Amino acid sequence: MSSSFQSEIRPFILCIEDNGVHLRLRKAVLEEAGYAVLSATDEAEALEVLREAPVCLVLSDHMLRGTTGTELAKQMKKIKRDVPIIVYSGMVPETMRHVDGFINKDEPVSNFLSLIHRFVKRYWE
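Residue 45 in my numbering sits at position 45 of the sequence shown, and the numbers go up by one each step.
It is worth saying that the hints were derived from the structure and are not from the lab. Errors might be hidden in some of the hints.
As the list claims (entries may be wrong) - Pairwise CB distance ranges (calculated):
1) Gly66 / Gly34: 11 to 21 Å
2) Gly20 / Glu48: 11 to 21 Å
3) Glu31 / Glu107: 29 to 39 Å
4) Glu52 / Ser110: 30 to 40 Å
5) Gly101 / Ile79: 33 to 43 Å
6) Ala53 / Ala33: 13 to 23 Å
7) Gly66 / Ser110: 14 to 24 Å
What the hints assert, rightly or not - Result set (EDC-like, lysine to aspartate or glutamate): computed pairs, CA atoms no more than 16 Å apart in a straight line:
8) Lys77 / Glu43
9) Lys121 / Asp100
10) Lys78 / Glu43
11) Lys74 / Glu43
Just so we're clear, the structure is a prediction, and the values are computed from it rather than from any experiment. For every residue, glycine included, the Cβ atom is placed at its ideal position computed from N, Cα and C.
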């Protein structure tokens, strides 16, 4: 992608969270930072969005209803291997296999956005 094209469009981030309040907060922070945010509240919806949309990064809660962020990452890598997946949680998951990054839920917003930016930039380059 040329840099002029990149500056004209906003990167799509898929945000997966089964708690509506937390989802709205994450979405607001990401949109304020200039990202377009697609959201999903469960595994099936997340996989459908990933298949259909030009997502450049996935941001998922680790503790989801019926699955975990790391298990979901495993399925997502089968669909789009090159899309980075960041899991966030209050505790570090036992395994980070299939996950490209981790951020603690208590991390300051500036650190959260810095990590997101690094992965989006790397994906677009």
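Hints that the structure is at odds with (numbers, increasing): 1, 3, 5, 7
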